[in-house]
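**Student:** Sequences and hints are given; from them, build the entire structure.
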Amino acid sequence: MKALQSKMRDLGRNGAFLLMVLPGAAWFLIFCYLPMPGAILAFKQYRLDLGGFFEGLIYSEWTGLRNFEFLFRAHDAYIITRNTVLYNLVFIILGLVLSVAMAIILFNLTQKKLAKLYQTGMFMPYFLSWIIVSYFVFSFLSVDKGVLNQLLVSLGIEPVHWYSEPKYWPFILVFMNIWKGLGYSSVVYLAAIAGIDKTYYEAAMIDGASKWQQTMNITLPLIKPMMIVLTILAVGGIFRADFGLFYQVPRDSGPLFSMTNVIDTYVYRSMKVLGDFGLAAAAGFYQSVVGFILVLTANWAVKKVNEDQALF
Amino acid sequence: MKPGRPGKSYDIHRLPPVWNALLHLFAGGFAFVCIFPFVFVVILSFTDENALLMYGYRIVPEQWSTQAYTYLFKTGDQLFRSYGVTILITVIGTLLSVCMTTLYAYALSRSNFKYRKFFTFFAFFTMLFGGGLVPTYIVVAQMLQLKDTLWALILPMAMNAFHIIVLRTFLQTMVPNPIIESGKIDGASEFRILFRLVVPISLPGIATIALFCTLSYWNDWFNALLYIDSGHLVPLQSLLMRIEQSMQFIISNSALLNSGQSREMLQSLPQETTRMAMVVLATGPIVFAYPFFQRYFIQGLTIGAVKD
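From first to last, the protein sequence lines stand for chains A and B.
Counting in this note's numbering, the first sequence runs from 1 upward without gaps.
Counting in this note's numbering, the second sequence runs from 1 upward without gaps.
Just to be clear, a hint being listed does not mean it is correct.
[Said to hold, decoys possible] Dumping the calculated DSS-like pairs for lysine-lysine here, alpha-carbon to alpha-carbon at most 27 Å:
1) A:K145 <-> A:K224
2) A:K7 <-> B:K147
3) A:K198 <-> A:K167
4) A:K167 <-> A:K145
5) A:K116 <-> A:K224
6) A:K304 <-> B:K117
7) A:K112 <-> A:K198
8) A:K112 <-> A:K7
9) B:K184 <-> B:K117
10) A:K303 <-> B:K117
11) A:K224 <-> A:K303
12) A:K272 <-> B:K117
13) A:K7 <-> A:K113
14) B:K117 <-> A:K7
15) B:K184 <-> A:K7
16) A:K116 <-> A:K167
17) B:K184 <-> B:K114
Keep in mind that the hints were calculated from the coordinates and are not lab data.
Please read all numbers here as calculations on a predicted model, not as lab measurements.
**Tutor:** Pasting the structure below:
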């Protein structure tokens, strides 16, 4: 009785706060937590005709691991995993090096006004959707009208059918990823660098340290924690691909799939194009579970190195 | 060199001039590469259609023309409809999202909220694990019956754990505790404290979230790809995607379709320069607005990158 009373008092005191989180919590419940048990669809043959989400979830026939067998036997799993992981690895490494380098460059340029202008310029792609970007890319890669092929022809080289030659796409996709994301990520590092206490640099300058020495001995060590945290977050997401980049930029072109198909595009195509909910759910389940394990592992690894920098 | 530093080739406090020039070239060059495609598309949209078909995409067109725009303003019913859909979902979505996020984040920012830890985790966990696309699709399309409604474009993006954490961190660091205490002493309710005292001084943080939402609603095409079939609910980005897909379809099937048929289909689509004009109209508002708002984005990104 007493326990109940104190429980009620707690609720009363926190009532206003509970009311505040209610709409948001309801949203998370419906749009994030409700789909979670839906992951078991990976082990079922989902039927849309059973009348509803729960009915479909419960009464669809169990098929055991058949969806997974299909996924892994068809060689698809290998290709989409390889593409997703390798592209993300390159994005993470190249992105980290370039964005830190760019932030340091912008910080050290003597003409601050120009540096600000460059920063604004390279921030622009962040604000555009992948659809718009795919139009941009097309104006360069179009077979008959594109700028690149015009250039090749004027140099006397055979024009290239960009949208049906997979071998060029690793470079195109990496370039576009960096193009779209570098301004954004360097801005984050630049803000961190700008927040470093000026007295460190003043002391170093009095001691006659060059800009290079200042960068190596002050800037880099001080933004290292941030580099580690952001990289771990990125490694945790290595199983999630940027759907827009891999779907829109290659214009969903079939001949390129060996180089452009990633887990996310595979799940989407299995569901919306093939209508195979079981297969799509299996691929999605594979992605969620491995992704989750990766996040936990990454966090555990940081905790081992430095307790303070772990995410949770 | 500045006067008053005779005999010194360069100032040790600054970059050596050669390095400075090289780095300017690198950073400035990349900034140019980032902006150029947009400028190029603007040029293409002002190119004469026939000149474009003859000579391909040219940086300096053989013949300028405003035909694409006059054509669009005369016949672009679908374009204006899509513009309307995009503006509608952006406004409603942003308002809804900002209200829900502010309420949620404020509660989490208050140390005397007993279930703070639980609700923080409740939001944070969704960043780590998700049911995946298929169950989400079934919930939205089948259980909530949102297919082919405006809500399918609004609700799936209404909340985001990242925004909550950014705003909560902002509120924790920027709202001085004495202000809240003074409200309490005056006997104000928690809601009154939030709306009368906290919101007015937290506008920069809330603006950051609002801009993030505006951008993601304006640029969204994924929800339309999943949930929208009917033409009159297609948002701007999705309209551009559909045109592109039909082009691709005709090109890749031109051998199968007889040539008359495919020519007819091609004619039903906007011409090349018109499509570029549509891209310009879809991105224009963002490209001209972002330089004025970018500091809010930088603020949000910086707070988000700092561990809680």
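**Student:** For each hint, tell me whether it holds in the structure or not.
**Tutor:** Going through the hints against the structure:
1. A:K145 <-> A:K224: violated (46 Å)
2. A:K7 <-> B:K147: violated (42 Å)
3. A:K198 <-> A:K167: violated (48 Å)
4. A:K167 <-> A:K145: With a Cα-Cα distance of about 21 Å, the restraint between K167 of chain A and K145 of chain A holds, given a limit of 27 Å.
5. A:K116 <-> A:K224: With Cα atoms ~24 Å apart, K116 of chain A and K224 of chain A stay inside 27 Å; holds.
6. A:K304 <-> B:K117: holds (24 Å)
7. A:K112 <-> A:K198: holds (16 Å)
8. A:K112 <-> A:K7: Cα-Cα ~58 Å, so violated.
9. B:K184 <-> B:K117: Measuring from Cα to Cα gives roughly 23 Å; hence the hint holds.
10. A:K303 <-> B:K117: holds (20 Å)
11. A:K224 <-> A:K303: With a Cα-Cα distance of about 15 Å, the restraint between K224 of chain A and K303 of chain A holds, given a limit of 27 Å.
12. A:K272 <-> B:K117: Violated. K272 of chain A to K117 of chain B sits at ~39 Å, over the 27 Å cutoff.
13. A:K7 <-> A:K113: Between K7 of chain A and K113 of chain A the Cα gap is close to 59 Å, so the pair fails against 27 Å, i.e. violated.
14. B:K117 <-> A:K7: holds (17 Å)
15. B:K184 <-> A:K7: Given that 27 Å is the threshold and the Cα spacing comes to 23 Å, the pair holds.
16. A:K116 <-> A:K167: Not OK: K116 of chain A and K167 of chain A at ~37 Å, beyond 27 Å, violated.
17. B:K184 <-> B:K114: holds (17 Å)
Violation of the numbered hints given earlier is confined to hints 1, 2, 3, 8, 12, 13 and 16; the remaining hints are satisfied by the structure.
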